Amino acid sequence: MSDFSDAFHTALGLIVTLNHDLVEILLLSLRVSLTAVAIASVLGFVIGGALAVYRFPGRGVVSAVLSALMGLPPVVAGLFVYLLLSNAGPLGVLQLLYTPTAMIIAQVVLVTPIIGALTRQACEDLLEEYDEQLRSLGASPTAIVVTLLWDGRYRLITAVLAGFGRAIAEVGAVMIVGGNIDHVTRTMTTAIALETSKGNIALALALGIILLTIAFAVNGALISVQRLAKRLAYA
Amino acid sequence: MVGSCSKLKEVHLTASLNRLRFLGLVFLCLLATTCLLATSHLALAADDDFILVQSTTSTQNSGLFDYILPKFTEKTGIEVRVVAVGTGQALKNARNGDGDVVLVHSKGDEEKFVAEGWGVKRYDVMYNDFVIVGPASDPAGIRGLTDASRALERIAEAKALFASRGDGSGTHKAERRLWKRVATDPTRASGEWYLETGSGMGATLNTAVGKQAYSLADRGTWLSFANKGDFEVLVEGDRQLFNQYGVILVNPATHPRVKADKGKVFIDWLTGAEGQEAIGGFKIDGQQLFVPNARNLD
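If you read the sequences in order, they're chains A and B. 235 is the number that this note's numbering gives the last residue of the first sequence; the numbers go up by one with no jumps. 1298 is the number that this note's numbering gives the last residue of the second sequence; the numbers go up by one with no jumps.
Since the hints were made in silico from the structure, they are not lab data. Please read these numbers as outputs of a predicted model, since none were measured by experiment. Take the hints with a grain of salt, since some may be wrong.
Heads up, incomplete: computed chain A residues facing chain B, CB under 8 Å, no partners named [claimed, not checked]:
1) N87
2) A88
3) L97
4) Y98
5) G179
6) I181
7) T196
8) G199
Ideal placement from N, C-alpha and C gives every residue a C-beta, glycine not left out.
Looking at chain A on its own, in the form it has when it is part of the complex:
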């Protein structure tokens, strides 16, 4: 059990000394996951909002597929993007494999269904409330989507947080398309996997503690924004 206390000591030591490698890895993790979540949010809001409002054949199937994709295993998303970006694949010409951009793409694939499905649910709930009113105003479907997204903005923050949680925690996809290359594509999660396989359990656990702390801070920041905005809106 000494690994636990060792882990806390190591984590503290790494943070206090602002270990250079750690900062680099941490910044890359945040850069990749935050960018992926930002892109996935735009895609997810549009897809989710449209699915809630527009009526078209096959809509139910699309919604079901989107929800099912929330459970897409990261390794599968990684393999899919690897095959696309490989030199033997259709997008090999872009030379993106084993770069942070490849990791962002893989995480967008992973996170968009989560944000999309949660957005669709939030918008559908709101639509039930507003349907009559919006229809009486003769609003166009696009205007309805915009209205629903705006009125559901606090719930959408939760969707974004769910997506961020997935992105920052996953290791399977970034390992395959990033390659865990030191100083290039090594993130917190791939570093944790590497240290575990070296048998440095305490160090791996220490990195885990730091990752959790960062995730906690990001969540806290977004929830504070949410609270503040609500207070201002109803003041």
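Dock chain B against chain A, hints included.
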């Protein structure tokens, strides 16, 4: 009533205009992020003074690359990016053209890789050896045996737990060869006493230590492994446990994007006097992990 309704409509219109503006702003922000991302990628791509080496977990986990690569980069200015996977996957990735150089340890597969036109030429680089590790209590009584295959046979007879890589890696293939020599097929007992982890060397050792199972490991990973518990090297020194590493340039005739010139500089360095000296100088606790044995020493 009519008046209040049109009033409501007006309020709503202004509000939706605001919303549109807001969403437009969000969209612009994201567009800006994407552009930033694209340019940062371009900046990265322009700096292409690097080569990509597909290699194995055993070399990375041992810390060899961290020791020798900075010396190479300092001399030549070429950065080396290492993707560490099993030998099987490394060769597969290289077949897809995703790498300039492969540095792996399964001679038969490497020669096949070259014969099929995926690689230019194979060079010996260095060797170390495999060891059979296990709990100090040694339930199958293999300690001190000089025949590694005999040791595995005893493990099978005792139905003692054995953790195998099970991932088509160089180490896994070496283990399969050992079983073959005593005509034993352990996979029949897969999930009983024969545990195929399907993971890297370190992960497999973690499993072995956790389950008190025997395992075959390369000495480099074993020496640098930090979670040994009460495990010890029980069998070593058999000629069958020899572990040769080879390096191959991925064939630029098959994959035109291969950085053949820089890759060749790396291979020449690795198999030349300086690289060989660097490999020989890598030690953990005073123990040398790899023995350089390239033949074009000059």
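**Message:** A closest beta-carbon separation below 8 Å is what the hint needs, so does N87 (chain A) meet it against chain B?
**Reply:** 3 Å, holds
**Message:** Restraint: G179 (chain A) near chain B, CB-CB cut 8 Å. Satisfied or not?
**Reply:** 4 Å, holds
**Request:** Hold the hint about A88 (chain A) up to the distance rule: shortest CB distance to chain B must be less than 8 Å.
**Result:** Given a least distance of 4 Å, the restraint on A88 (chain A) holds.
**Prompt:** Can we keep the G199 (chain A) interface hint, with Cβ of chain B closer than 8 Å?
**Reply:** 3 Å, holds
**Message:** Hint validation: L97 (chain A) versus chain B, beta carbon distance must be below 8 Å. Holds or violated?
**Reply:** Since the shortest Cβ distance to chain B is 6 Å, the answer is holds.
**Request:** For the hint on Y98 (chain A), just tell me whether its beta-carbon gets within less than 8 Å of chain B.
**Result:** Hint holds; Y98 (chain A) Cβ to chain B Cβ min 6 Å, cut 8 Å.
**Asked** Per the CB criterion, is I181 (chain A) less than 8 Å away from chain B?
**Response** Hint on I181 (chain A): holds, closest Cβ of chain B at ~4 Å, below 8 Å.
**Request:** Under 8 Å, Cβ to Cβ, is where T196 (chain A) needs to be relative to chain B, so tell me if that hint holds or is violated.
**Result:** Holds, because the Cβ-Cβ distance from T196 (chain A) to chain B comes to roughly 7 Å (cut-off 8 Å).
The structure meets every hint from the earlier list without exception.
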